[in-house]
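Trainee: For the protein sequence lines, the chains are A and B, in the order given. The numbers in the working numbering rise by one with no breaks, and the one at position 17 of the first sequence is 17. Count along the second sequence starting at 1, add 1000, and that's the number in the working numbering.
Note that these hints are calculated values from the structure, not bench results. Note that beta-carbon positions come from the ideal geometry of N, C-alpha and C, so glycine has one too. Worth double-checking, as some hints may not be accurate.
Derived, one-sided and incomplete: chain B residues facing chain A with beta-carbon distance under 8 Å [to be verified]:
#1 GLY1042
#2 ASP1056
#3 LYS1102
Here's the letter readout for the chains.
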Amino acid sequence: SQQGEEDPQALSIQEGENATMNCSYKTSINNLQWYRQNSGRGLVHLILIRSNEREKHSGRLRVTLDTSKKSSSLLITASRAADTASYFCATDAGNNNDMRFGAGTRLTVKP
Amino acid sequence: GAGVSQSPRYKVAKRGQDVALRCDPISGHVSLFWYQQALGQGPEFLTYFQNEAQLDKSGLPSDRFFAERPEGSVSTLKIQRTQQEDSAVYLCASSGDWASEKLFFGSGTQLSVL
């Protein structure tokens, strides 16, 4: 079963704009991760944020985590056409530690 | 190895046929996962191994699905008597220490059941 749910399901923006994707989850977590998937390929890890962290940066990526609301956001700044992909959040299911994924946000960046 | 390797890349099976999908994780990685991904959907958890121990198989959709990792490295996902609804991409991932750390994914096996 899915643990996280991304919002929106699809997002279309112009190159240079910022893209924000949100993730909500159901149970308590140890960490939350964001992954990217290009069409027909495997997932690539982007960033991991632990439950005791509130914000993390990696290059043009900024992730926030609000454990009280059980939600996270991924911000991609100054987007590029090459950022076009599906983005997924994943959380460990509490004690089990195995990672569960949401349905993803399909991002299209128009040149 | 350099990354997670899955084979075959594509598999076409006739309904009722048995299939076996292979995953070679990154050498030394303790945790190994199998996911099923339908078109346009997120990866759905199937099962998880820590070394050779299958710690969670709650995501396997039916008793036709079976996974093993006998020596704690290579894993095989077997689907018996395949059905059309089994058509999906099957993804394997591994991680170094704990299950909830960064996952490294293979490119997947795309299974089509006719």
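Trainee: For every hint, state whether the structure bears it out.
Mentor: Structure-based check of all given hints:
1. Of the supplied interface hints, the one on GLY1042/B holds, with its beta-carbon coming within about 4 Å of a beta-carbon of chain A, less than 8 Å.
2. Because the closest C-beta pair between ASP1056/B and chain A is about 5 Å apart, less than 8 Å, the hint holds.
3. About 5 Å separates the beta-carbon of LYS1102/B from the nearest beta-carbon of chain A, less than 8 Å, and the hint is met.
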